[in-house]
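Novice: Under our numbering, the sequence shown is numbered contiguously, ending at residue 421.
Incorrect hints may appear among the rest.
Dumping the calculated BS3-like pairs for lysine-lysine here, alpha-carbon to alpha-carbon at most 27 Å [to be verified]:
| no. | residue 1 | residue 2 |
| --- | --- | --- |
| 1 | K279 | K200 |
| 2 | K256 | K138 |
| 3 | K138 | K195 |
| 4 | K304 | K256 |
These are computed hints drawn from the structure, not numbers from a lab.
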Amino acid sequence: MAPRKRLLIIGFIVATSLYLVATGWFGTGFYRRQGYYDDDDILLNAAAANANSVGGVQSNKPPVTSSNKRILLVSALYPLSKSKHSLEDYQWWLWNYLGHVKTDIYFFAPPALHDLVSQARPKPNAANSKEGSNFFMKLNTTYPTVFDVPPLKGLRQSYEEIHAKDRERSYHSAELYAVWNAKPFFLKEGLREMKETWGKDYDYAFWVDAGSFRESPHKYEDWPDPARVEEVFAHASSEDSIFIPMHGMPSFKWRKWKEEMGPVDQDISEGSFFGGSQKAIEWYTSTFYTYHDHYLSLGHFVGKDQTLINAILLLFPDRFTTVFWRDITQRGFVRTYIGIACGGEWWYYQFFLANSQTRTEMEKIWLEKQSNRQKKVQEWLVGKPQCPLIPPLTLKEVLYRAFGPYWKPVPATVVPKKHVR
C-alpha cells in the first residue's frame, strides 16, 4: 500500500474515532454494556432536557427567574501538619473565595488564623450589611483543632488506628479525616448560630470547601443564585432534600451492597459542596454521625467522608438531589470533559448554581484561555464550544441508571440519634 494512501486511511480512522467520542457514541455504548443505561433512559432524559424536567420525568414547573430565598454559606480552614497543599495555596484560594463571593458566610477557624481569614473578607458596605449579598461574615474561633468539635472529641487515637486501612494513607492523615468529617457539624452549627445568636434566618445553607474557588479570575459573586437553588430543589423528590454533586456513576457491583458492608469506597459523591433547608441539614447531620459512629465501632474505615456519604446515598436515595456532570445522556458532556468551556470538572456545581449572566461570563473567561487551534478543533468536533447546563437529577434516577430499574435501597436499620451540639 502506498504511503499516501496509508496516511489517508489512518487519518480517516482517527477523525472518525474522534467524532464518535465527541458525540458520545463510545461513552454511551460503554455505559450500556456496563448496565448503567438503556435506550429508554436516554430517550427519557433527552425529553427531560428539552422540557424543563429532571430524572427522566417531565415537569410543568416553569423555570424560576427570581427569588428572595436567603442563603448562608458555611466553611472552615484548619491547617494540617501533612497536606498536599501549602498554607500559601490556601491563602490564595481563600482570597479568591472570601474576597469575591458576596453571599453571607459563617466561617470556622482556629484562633491562630483569625487575622488571615478576616483580612481575606472585604468589609461589608454599611448601607447593605444587614441583608447578605454584601460580604457579611461571622468568624468562629471556638475550636482550636477539629478534634475539639463535639462529634469528634476523643477520636484522635481511633483515627490514627484506622489510618492503616486507608488505601491512600501515604498522603492522608488523622487530622485530614477529622477536617472532612467535621463538615456536617460545622454546617448545622453555623446555621444554628446565625439564627440563635445573630437573629439571622436562612432558607438554605450550604457547606463550601474553603479551597474550592481556584479559578482566577472568576465572576461568582452573588452565588449561589437563589433562583437557581430554588429551581433545583423544586425538582427534588423530597421536600427536605440535600443537594450534593456527583463525580462518578456507582459501579454495578454496588447493586448488592448491604448496610453492614460499611462505607462505599468509590469516587461517587463530592464532599466539597452540599446543603439544603434547615430541616434537611438537621436530618443529614444526625444521619451522618450516627453511621459514622456505627461503622467506626464495627472497625470500618470512616476517615474519608465521601465513602460514608456514598453509603448514606444508597440507604436514603429519596433524600438527595444532585447534578452529574458526566451524565452522558446529555450530548454536551464531552465539552465538559475536555475542559474547553467548563473549567475544572470537579467544580461544575459552581457554574450549575450560577445565574445565566454569570454562566455566560465564565464561559467567556474559559474560552479566552484556549488557543485558537483548540477552539477550532473543538468547533469542528462538536460545534461551537459552550458549557452545557445539565438538568438536575434525583439521586434515585441516577441509581436506577447504575443498577437497573428494579433496584431498591436496602432497609436502614441503624436509628439516627441526636448529634452532639
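Novice: Now look at each hint and say whether the structure bears it out.
Specialist: So, going through the hints one by one against the coordinates:
1. K279 x K200: Between K279 and K200 the Cα gap is close to 16 Å, so the pair holds against 27 Å.
2. K256 x K138: violated (45 Å)
3. K138 x K195: holds (12 Å)
4. K304 x K256: holds (22 Å)
Violated hint for the displayed structure: number 2, the only one.
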